[in-house]
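**Student:** Each chain is listed here by its residues.
There are 2 protein chains.
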Amino acid sequence: MPGFQRMTAPAGKWPEDVGIVAIEVYFPSQYVDQTELEKFDGASAGKYTIGLGQKKMGFCSDREDINSLCLTVVQNLMERNQLPFDAIGRLEVGTETIIDKSKSVKTVLMQLFEDSGNTDLEGIDTTNACYGGTAALFNALSWVESSAWDGRYALVIAGDIAVYATGSARPTGGAGAVAMLVGPHAPLVIERGLRSSHMQHVYDFYKPDMSSEYPRVDGKLSIQCYLGALDKCYQRYLAKAEAALQNAGEACQLTVDAFDGFCFHSPYCKLVQKSLARLVLNDFLRDPSADTTEGSRYAGTEQFRNVKLEDTFFDKAVEKAFMAASKEVFSEKTQPSLLLASMVGNMYTPSLYGCLVSYLASVPLDQLANKRIALFSYGSGLASSMYSIRVSSDNSAGLPLAKLRASVDDLEARLESRRCVEPGAFADTMKLREDTHHLAKYTPQGSITDLFPGTWYLTYVDEMHRRQYNRSPVSQQISADQSSQIIEDTVKETKTEEDMETGNAEAVSAQ
Amino acid sequence: MPGFQRMTAPAGKWPEDVGIVAIEVYFPSQYVDQTELEKFDGASAGKYTIGLGQKKMGFCSDREDINSLCLTVVQNLMERNQLPFDAIGRLEVGTETIIDKSKSVKTVLMQLFEDSGNTDLEGIDTTNACYGGTAALFNALSWVESSAWDGRYALVIAGDIAVYATGSARPTGGAGAVAMLVGPHAPLVIERGLRSSHMQHVYDFYKPDMSSEYPRVDGKLSIQCYLGALDKCYQRYLAKAEAALQNAGEACQLTVDAFDGFCFHSPYCKLVQKSLARLVLNDFLRDPSADTTEGSRYAGTEQFRNVKLEDTFFDKAVEKAFMAASKEVFSEKTQPSLLLASMVGNMYTPSLYGCLVSYLASVPLDQLANKRIALFSYGSGLASSMYSIRVSSDNSAGLPLAKLRASVDDLEARLESRRCVEPGAFADTMKLREDTHHLAKYTPQGSITDLFPGTWYLTYVDEMHRRQYNRSPVSQQISADQSSQIIEDTVKETKTEEDMETGNAEAVSAQ
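Protein chains in written order, with the working numbering: chain F, 14 to 524; chain E, 14 to 524.
Each hint can be trusted.
Keeping only pairs whose Cα atoms sit at most 20 Å apart, straight-line, the calculated SDA-like set for lysine to any residue is:
no., chain 1, residue 1, chain 2, residue 2
1, F, K245, E, G130
2, F, K233, E, E476
3, E, K253, F, D163
4, E, K454, F, V215
5, F, K26, E, P197
6, E, K444, F, M223
7, E, K245, F, D99
8, F, K454, E, V215
9, F, K253, E, A100
10, E, K26, F, H198
11, E, K245, F, T132
12, F, K26, E, V202
13, F, K253, E, R165
14, F, K253, E, G25
15, E, K26, F, V202
Hints in this document: simulated from the structure, not taken from any laboratory.
Make the full structure from the sequences, and use the hints.
**Tutor:** Pasting the structure below:
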């Protein structure tokens, strides 16, 4: 068999413009209002809504689990984009909602591919707290650039159910899933060579109690770890970008001005605002000649010229000064990304990608072309990365960017169509999950009539813990026209809360 | 910032000969003898040793967990190859031994990198039963070929503790970890374009009881799934290889003769022998003109010319005929890979890579060059892939292949240096793990004096479930000369058991 010696592929090249071709988000059809939850919990008024920056929190009954969330978002993405299931060559799930220590969510999703006969899909599940979706995305991007790529799309899923025991962390929950189609000629191109990471051993947020859905949290440590990782990732990203500029003969020092948008992993919105302030603090400390005169960005920060980053994680004076210094940048470049984070809550792995969806849905198509968006992914434990997306330059109708933008146009309308549940009923649902999430055999009790059309739900767990699902009937998609007005109202409303702060760093986490 | 628009890397090419540069295996320093276990369990003589093909089973006391296993194998690999910790740019762990639903083993391993200051390492943990190591390897290979590669090595870890409740599956346990250094110019090159997968939703082996270390097993279904996945992966691999040959103008039909070695995921050795027979059955059914005359490979199989693969999973007549037809191929190409599988047992994710190490250690360096090895990876649930390794052609002293071969030369001596534990003490240890593996706070009771030198072990789990570790003193490595004689003896001994079969497909699994 002489030919077999030389049948492997010749040295190949990376395809052009590899990135996110399509994106789909799913969140539960029910939520609890954070103002009502403050009252119900006996918390001070504004503690959740202003201190944490949260408005509504999505949650699941016992009808939904990590498998059903991912089934729903995958099928919705395929249907919305009219993609055949054999167009997918890789499928990987990032999650920290572990309901089986061995069997991956990916294998459960293979049920959707059965009719197509397509079983040749690489990828399984990947886990480290809220970072799993980013790891899955990076793996998919590498696959498309590698010799293993077979010309088909990769599908990246991030999904989680974020729930906390009763107490001050409970309002930082949420639930949802995001699916991303990855391939070449993408409208959202992941920039090559501009990726930085920081990984560290730490017990800030973790889930060692295998029989519980709830995490162990050292909230203050978690925030310190998050901000410290952000510092390191930002510095490393800028170092790589500046080195590349220097190689191109255009040496300069970069700042937040190099980006049009910033998306962060969003445990709660107030931490995101502090994070953007943190980047401006980094910019300031990197520039010994930074202008601090009245009217300049850094006005009022002169006294902090010699602070050390590692001393400022909980320095209220520094925080206040740089929240002020970054206020405009935040409003313009980060606030548009916080729609889902404030209206659904922390979705864990999908959180960052919910921010990306929110950003895309909040910026009109004609302003979206050519934008550069920085993304910071954080998972406790810890794993963190920063990278950037360049939006394609052509927003013509019928081209990928316009299609992608149109696909998220119904986001606000979908959020508004949800059902508000009283805090008491929410607490009962949490208790029901506590008592039943691990049971076999078990028939879920939650209503199925209130689910969004096209939602997969759990019908039965048999005595061998085998899970069975069904899907609610699919209806018409909400049209784009219905949603456009609602977006602007919500963005305005969010802005009024910027300077208020009653959050409790000990109680909630940056997970 | 005009230059920032064009600072991303130009279209790049894949580096040459990407694959496994170095490999390290760790297994526990204690084992239970399977003949003694048969007596202790009241099983019929030969049930474990001949029916399953197992000789000894490695196991861990409460001093070892998935974190400690991986810490040990990583540090051992780095020390044996005198690698600095900042030479690693990616680190990913494949495991199904989940002791935290959120915090990855990868983050625990970051402790080893602290002194180097290297925290910029992509990759987290990846899970689907025994397939996680393969997924991590594929991700690492893609990373090296991608624009994200920064010129450093990737490190891939597969580790697990495989334990079963008392009963007939218990002798199919094992424990261990394998670390693989991945990069270009490798002595073990992963062949490009020759990778096939089969993924499917099935409950054959899974771990839905989050509070237990033990799996749920449908043993018979598991074996059917394993063999069915093997059929599909082999057929798809051959189709890709034959298409590549046709493109090169050298069309031909490939068989097992195209490979010099076969490594399989090895739940127990008898299943591996059946798997090799299965490949020969596939070859036979793909060739309508296959020669079945006396003295030919397929002698005695004429009556099976029209069988369908899907009807033969438990057909004893077909199995016997093709075990006979494949006997020589098995002895030459697969038996050398079963040293660790028979002497340690099923290590889950590291199982396949333990077979690769065994193969490398069993074939003399001067016969190793240019060998082509097929690898079949299987994880219940299910995820499976087949791919191939081409061993580099230059076995000169000082070059990568010779170094790699020298690094596994002590394998037999290390296996022989283990401590044999009575079945009663083994059962006590299993009970101790059952009772304590989830406890906090907890001080492990197991001896630390019997651990191999350089073994990380658990010292304490505090009330917050935070785990602390220490490392046993490092001694001299066992020299290569000590081990060479032992290898041949063991291979001879294994061969005598080939045709005996008393296994029970219902009780044990192909996981």
